[in-house]
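Visitor: Using the sequences and the hints given, assemble the complete structure.
Number of protein chains: 2
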Amino acid sequence: MSTTRAPVSSLIAFASAAFAKTGVPQADADNAARLLIESDLAGSDGHGIFRLAQYANGLKAGRISPKAEIRVLNDSPSTAHLDGGNALGHLVMARATEIAIAKAKTQGAAWVGVRGSNHAGAASIWASQMLPHDMIGIYLAVGSNCFMAPWGGFERLLGTNPIAFAVPALEEPPIVLDMATSIAANGKVQMAQQRGEQMPEGWVIDRNGKPITDPNKAGEGVLLPIGDYKGYGLSLMIGLIGATLNGGQFGRDVADQSLPSNTGQAVLALSISRFGDPTEFKRRVDQVVRDIRGSGRLPGVEEIRLPGERSHAVRTERLAQGVPIPPGLRTALDKLADGLGIGRLS
Amino acid sequence: MSTTRAPVSSLIAFASAAFAKTGVPQADADNAARLLIESDLAGSDGHGIFRLAQYANGLKAGRISPKAEIRVLNDSPSTAHLDGGNALGHLVMARATEIAIAKAKTQGAAWVGVRGSNHAGAASIWASQMLPHDMIGIYLAVGSNCFMAPWGGFERLLGTNPIAFAVPALEEPPIVLDMATSIAANGKVQMAQQRGEQMPEGWVIDRNGKPITDPNKAGEGVLLPIGDYKGYGLSLMIGLIGATLNGGQFGRDVADQSLPSNTGQAVLALSISRFGDPTEFKRRVDQVVRDIRGSGRLPGVEEIRLPGERSHAVRTERLAQGVPIPPGLRTALDKLADGLGIGRLS
Chain A
27 MSTTRAPVSS LIAFASAAFA KTGVPQADAD NAARLLIESD LAGSDGHGIF
77 RLAQYANGLK AGRISPKAEI RVLNDSPSTA HLDGGNALGH LVMARATEIA
127 IAKAKTQGAA WVGVRGSNHA GAASIWASQM LPHDMIGIYL AVGSNCFMAP
177 WGGFERLLGT NPIAFAVPAL EEPPIVLDMA TSIAANGKVQ MAQQRGEQMP
227 EGWVIDRNGK PITDPNKAGE GVLLPIGDYK GYGLSLMIGL IGATLNGGQF
277 GRDVADQSLP SNTGQAVLAL SISRFGDPTE FKRRVDQVVR DIRGSGRLPG
327 VEEIRLPGER SHAVRTERLA QGVPIPPGLR TALDKLADGL GIGRLS
Chain D
27 MSTTRAPVSS LIAFASAAFA KTGVPQADAD NAARLLIESD LAGSDGHGIF
77 RLAQYANGLK AGRISPKAEI RVLNDSPSTA HLDGGNALGH LVMARATEIA
127 IAKAKTQGAA WVGVRGSNHA GAASIWASQM LPHDMIGIYL AVGSNCFMAP
177 WGGFERLLGT NPIAFAVPAL EEPPIVLDMA TSIAANGKVQ MAQQRGEQMP
227 EGWVIDRNGK PITDPNKAGE GVLLPIGDYK GYGLSLMIGL IGATLNGGQF
277 GRDVADQSLP SNTGQAVLAL SISRFGDPTE FKRRVDQVVR DIRGSGRLPG
327 VEEIRLPGER SHAVRTERLA QGVPIPPGLR TALDKLADGL GIGRLS
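Chains A and D supply the protein sequences, listed in that same order.
Remember, our numbering sits 26 above the position in the first sequence when you count from 1.
Remember, our numbering sits 26 above the position in the second sequence when you count from 1.
Keep in mind that the hints were calculated from the coordinates and are not lab data.
Honestly, I wouldn't trust all of these hints.
What the hints assert, rightly or not - Short derived list, chain A residues pointing at chain D, Cβ under 8 Å:
no., residue
1, Asn100
2, Thr105
3, Gly134
4, Ile201
5, Ile209
6, Gly235
7, Ile252
8, Lys256
9, Met263
10, Ile298
11, Leu324
12, Pro325
Claimed, not checked - In silico lysine to any residue, SDA-like type, Cα no more than 20 Å apart, as pairs:
no., chain 1, residue 1, chain 2, residue 2
13, A, Lys131, D, Pro103
14, D, Lys236, A, Arg323
15, A, Lys243, D, Leu324
16, D, Lys236, A, Gly326
17, A, Lys236, D, Gly322
18, A, Lys236, D, Glu329
19, D, Lys214, A, Asp254
20, A, Lys236, D, Leu324
21, A, Lys214, D, Asp254
22, D, Lys131, A, Thr132
23, D, Lys131, A, Asp101
24, A, Lys93, A, Gly111
25, D, Lys236, A, Gly322
26, A, Lys236, D, Val327
27, A, Lys236, D, Pro325
In this text, all values refer to a predicted model and were calculated from it rather than measured experimentally.
Using N, Cα and C, we set each Cβ at its ideal position, and we do this for glycine too.
Guide: Quick look at the structure:
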């Protein structure tokens, strides 16, 4: 078996059928499926259709609620605090970004924080929701697994808590940064494991501070943060602002994986028009992009890329050619389909 | 000569006299002096009284305007866009944070962006302005010098653009993260130079990508970002949101050091009460602090610190004992006093 391509429409139909079969109302199932595939379109292969079985299992086991009963706990002119009711993270964040955008339209800026949410795919997706509205988006999420320790420590108290920023350009692709606060995201470790490759030194250390390079032994160690204490500090701040503030789980109280994750997330929408003409701004962004792309390079470097540039190219290509489905994923999706009694991915 | 201590009141009086003598109205001079010394109190020695001569020279040469003619270019319910009129950065940021706090009180969240500003001391100072108001603060600033290159590049197009976050606790010190997006801030390079020490590998590379460890040759290289492309991405995003959005200088258009810097900065204030009871939140923050402080350590690590913990202790100590003034700084301040015709620092 080799890697094949699945059209985006087939992936959405398949994911929607899986959600509907596990109790998600049809309209929500369609919406969640569409948002799920956005991660595949962004090239974040570990955050899209790859996760469908995990979500379906969570729905079947009751760890994720099929009904999107999202409550507004507090609503002020430029903030909202939501309880996601343990629904699919994509549905919770869709609601959160919708509210943030509506508020930023009238107020200029808006911040929405959520608790009781779940994994919502690639961080870039949510910061990017602001782009069509001539807004800058910032998104932060608190991992429901802890793989990092405080700087100098060995106890797993911190997630690789990602942060994403999205800034629109005029003729150039938008600039979208999506980064975990660890040097290597946990997905990269899993990928090295699947491929039977060694990890470079600097990703994971053991309890003596020595590097672990065998990905099968990564579970005995902790992921290292970017910039030593800086990445630790960033992860901590994202945890406090994305989870502790919202009443989500963080640190020592991160749940047993058999319980609802009570994931915390937050999003900021900032309206560009409050700082000048959006077209003028986007033209200046184009100039920055071109200055960087055309700047002097180190020996052996073929091109200088902007954050989000590769994702943008992948999106265009995958919309046209479909999303690559490696054999292992195909097998897992077939197994999921057969288990649920829905048609296999075509 | 050895390091002596100067009381905070003497430092403020001295800085105020220097500002007043270079044309800053007395009330503004007092205010700027007080805010300048906040960086010394935070233990950010490279950002406080150390910079006074640089500011005074800028004022004398006309690169910094003595009059704080700050204009509100755009005012919306939860944003403001300011032109600092090239005043002292401390006065511009004092105004910006005041507006952000007032707006966040009624709106829940507020974002204020400025252009035409100047260096405003340690980033932590501005994020921390929110703390007494039961707010979370975020601040970002765009350096008026470029010491970093895009990832893979060698051209100095990026500042070490810092970002700061401040979150209040109840009984514990507030958690305050203040980080440059480079592995080593430029001030650390200057300090190594002053002390005649070598820099570790990983701070600066030359145009062949090889490490530079002699700080006297740092000018031939570029500072490396934290987390490789991640720090590059963060610096770029801070530049776009802190400068490009506000009409400040960034990238290739960063000014000749003989011209006004047109520094861009931005600040966010987020009211904790919109997400639950502030005391309850601060109690949860205390718990996170204690969990981290008491967590398992790597061999040889004596304590695990929280961001801002050292600064908090330094502040308490310096308020009581005064700020250490090393001989070199004393000489520079005496020279400044004599040149301006004001009394020397007592």
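Visitor: Taking the hints in turn, state whether each one holds.
Guide: Hints versus structure:
The closest approach between the C-beta of Asn100(A) and any C-beta of chain D is roughly 5 Å, which is under the 8 Å cut-off, so the hint is satisfied. Nearest Cβ of chain D to the Cβ of Thr105(A): about 3 Å, under the 8 Å cut. The hint holds. Hint on Gly134(A) holds. Least Cβ distance to chain D is approximately 3 Å, under the 8 Å limit. Using the Cβ-Cβ criterion of 8 Å, the hint placing Ile201(A) at the interface with chain D is satisfied: the shortest such distance is roughly 7 Å.
Contact between Ile209(A) and chain D, as hinted, is supported at the beta carbon level, the nearest pair being about 6 Å apart and thus within 8 Å. The interface hint given for Gly235(A) holds, since its Cβ lies 5 Å from the closest Cβ of chain D, which is under the 8 Å cut-off. Restraint check, Ile252(A) versus chain D: the minimum CB separation of about 3 Å is within 8 Å; hint holds. The beta carbon of Lys256(A) comes within 5 Å of a beta carbon in chain D, closer than 8 Å, and the hint placing it at the interface holds.
A cut of 8 Å between beta carbons decides the hint on Met263(A): the least distance to chain D is about 4 Å, and the hint holds. Taking 8 Å as the C-beta cut-off, the interface hint given for Ile298(A) holds, the closest approach to chain D being about 7 Å. Given hint, Leu324(A) at the interface with chain D, holds; its Cβ is 5 Å from that chain's nearest Cβ, closer than 8 Å. The restraint placing Pro325(A) at the interface with chain D holds, with a minimum CB-CB distance near 6 Å, inside the 8 Å limit.
Between Lys131(A) and Pro103(D), the direct Cα distance comes to roughly 11 Å. Compliance with the 20 Å bound is thereby established for this hinted pair. Between Lys236(D) and Arg323(A), the direct Cα distance comes to roughly 13 Å. Compliance with the 20 Å bound is thereby established for this hinted pair. For the hint linking Lys243(A) to Leu324(D), the alpha-carbon distance of about 18 Å falls within 20 Å, and the restraint holds. A C-alpha spacing of about 13 Å is found between Lys236(D) and Gly326(A), which places the hinted pair at or below 20 Å, so the restraint holds.
Between Lys236(A) and Gly322(D) the alpha-carbon distance is near 16 Å, which keeps this suggested pair within the 20 Å criterion. Between Lys236(A) and Glu329(D) the CA atoms are separated by roughly 19 Å; this keeps the pair inside 20 Å, and the hint holds. With a C-alpha separation of about 16 Å, the suggested pairing of Lys214(D) with Asp254(A) holds against the 20 Å cut-off. Between Lys236(A) and Leu324(D) the CA atoms are separated by roughly 10 Å; this keeps the pair inside 20 Å, and the hint holds.
Distance check on the hinted pair: Lys214(A) and Asp254(D) sit about 16 Å apart at the alpha-carbon level, within 20 Å; holds. Between Lys131(D) and Thr132(A) the CA atoms are separated by roughly 17 Å; this keeps the pair inside 20 Å, and the hint holds. A hinted pair counts as satisfied when its Cα atoms are at most 20 Å apart, and Lys131(D) with Asp101(A) qualifies at roughly 14 Å. Our distance criterion of 20 Å between C-alpha atoms is met by Lys93(A) and Gly111(A), whose separation comes to about 8 Å.
Restraint check for Lys236(D) and Gly322(A): satisfied, since their Cα atoms lie roughly 16 Å apart, inside the 20 Å limit. Only pairs whose Cα atoms come within 20 Å are accepted, and Lys236(A) paired with Val327(D) is accepted, the gap being roughly 14 Å. Under the criterion of a C-alpha separation no larger than 20 Å, the hint pairing Lys236(A) with Pro325(D) is consistent with the structure, at around 10 Å.
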